[in-house]
Amino acid sequence: MPAPETVLTVRNLTVRFARSKIHAVDGVSFDLGTERLGIVGESGSGKSTLGRAIMRLLPSAAKVEADQLDFDGAPLLTRSEREMRSLRGNRMSLIMQDPRYSLNPVLTVGKQVAEAALLHQKIGKKEAYAKAAEMLARVRISDVERVMELYPHQISGGMGQRVMIAMMLLAKPRLVVADEPTSALDVSVRGDVLELLDELVRENNSGLMLISHDIRMVAAFCQRILVMYKGRVVETLTRLEDAQHPYTRGLIAAMPDPRKPVRRLQVLDRPAIDALEPRP
Amino acid sequence: MIEVSNLSVSFGSGERRKQVVKGVSFQVAKGETLGIVGESGCGKSTVLRSLAGLDRHWEGEIRLNGQPVERVRSREHLTLAQMVFQDPYGSIHPRHRIERVLAEPARAMKTGEGWDRVAPALEQVGLPAAFAERFPHELSGGQRQRVAIARALMLEPEVLLLDEPTSALDVSVQAEVLNLLADLREERGLTYVLVSHDLAVIAHMCDRVLVMKDGLFVDELDKSDLARGETHHAYSKQLFEASYL
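Residue numbers (numbering that gives the first Met the number 0), protein chains in the order written: chain A, 0 to 279; chain B, 0 to 244.
Extracted from the complex, chain A is given alone in its bound form (with noise of 0.2 angstroms):
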């Protein structure tokens, strides 16, 4: 499916770390365009490593190889720190997992995401709260003055999603990597999450990449999706109903779901998935 325009340009991208043989990431190739895009798999399937190797946050011990990598047109693995330092939080941004640990617990939320617009903006320091004020407030935050003095830990897990998405859609970015932005949050506010998310990144014309083991959710909200297992994308979809890998099969089916009660979920056949997927 080719997408309108194209963030992101990636061409057999291999990650290993230090001198293990093993392909964390074993030659991914995939296009991004201003769409959501969903990348599913287990615990250790690299979806998380892919995510970060794009954002080019991987430590040194990581060795990060692609025929291509292309953001916004130009390759990223060739840039220095410096210039990854500018692009990050600012052209492309990272969404976090946990609100509780990836927020700065001792800065207050008004200054945190003030400091995004600081750095990356030729603003001053009172242009920038207002910006972040404003920016709370776009991500439904109600009462953002008292809000923005408190600090991370005065406020609540759905609450400090908001502030990070906040912080990291400031910038308008053309790309933005959420790498499970709702599995630490209750069902109920996940949705409120995503609708946000979603509202902000077609806004800005962004490329979202959607990083999560729920693949029903990610389903739900993405036009297409990538399964990951042990490094490598088994199989691309737009639809669950389209599965045809017995991995995407045995994710999907080992949900459990009320409308079709079962007396034993299934689990995955993993010889069987690795009979198909031979690795060296």
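Computed footprint of chain B on chain A, listed as stretches where at least three residues anywhere in the stretch have a Cβ under 8 angstroms from a Cβ of chain B:
1) 173-187
2) 209-220
3) 256-265
No lab work stands behind these hints, which were simulated from the structure alone.
Where is the CB? At the ideal position from N, CA and C, for every residue including glycine.
For chain A, the structure is supplied; the task is to place chain B on it using the hints.
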């Protein structure tokens, strides 16, 4: 098996006293699985901790197996109900080998050394007996949760109290752990109380579900209600809808 009447729990004192559980009553029959569902902070885990004897400032009455239990439990009463916690990374001592983790309950309750029961306990939750030699960090999340279940079963309790037992796990591993819990329930005739914010997990496991909000039960759903998506309260309807995006 479990009878709770007018259970209240408050934290803090004076001006800052906050009632978290506001006088709830419920019963669980032997062999039944009761689910409690609700958002963070609704008091569902506090109910479970009171049942387990971990929180000691509850008011009201709790009867386990027909006997009323005190706030400070006797050993006998403690062995009736055992708990499995949410986070397998946090609930197992990081510097103890698995064998020591599993022998601990027997030694704490002075029912012997417990070492000889480690191997069968591991096998019963589908882990090789050789895992006894390992440390928790050498196990995956799902394996660790199996160890936590094995530990809870060491004292052969009649009741297992499960506090979000799979919310830290992947869906594929969650399925394995839920199947294990279902098998154990069948083999040993266990009674479960399962607390979760995930209605799909609750609906799969439970015969009956209580919906909790702000310290009170607002709705009760049985299996057929769940299958048809039928609710009797606006809040449970909201929860239901949020579970299916």
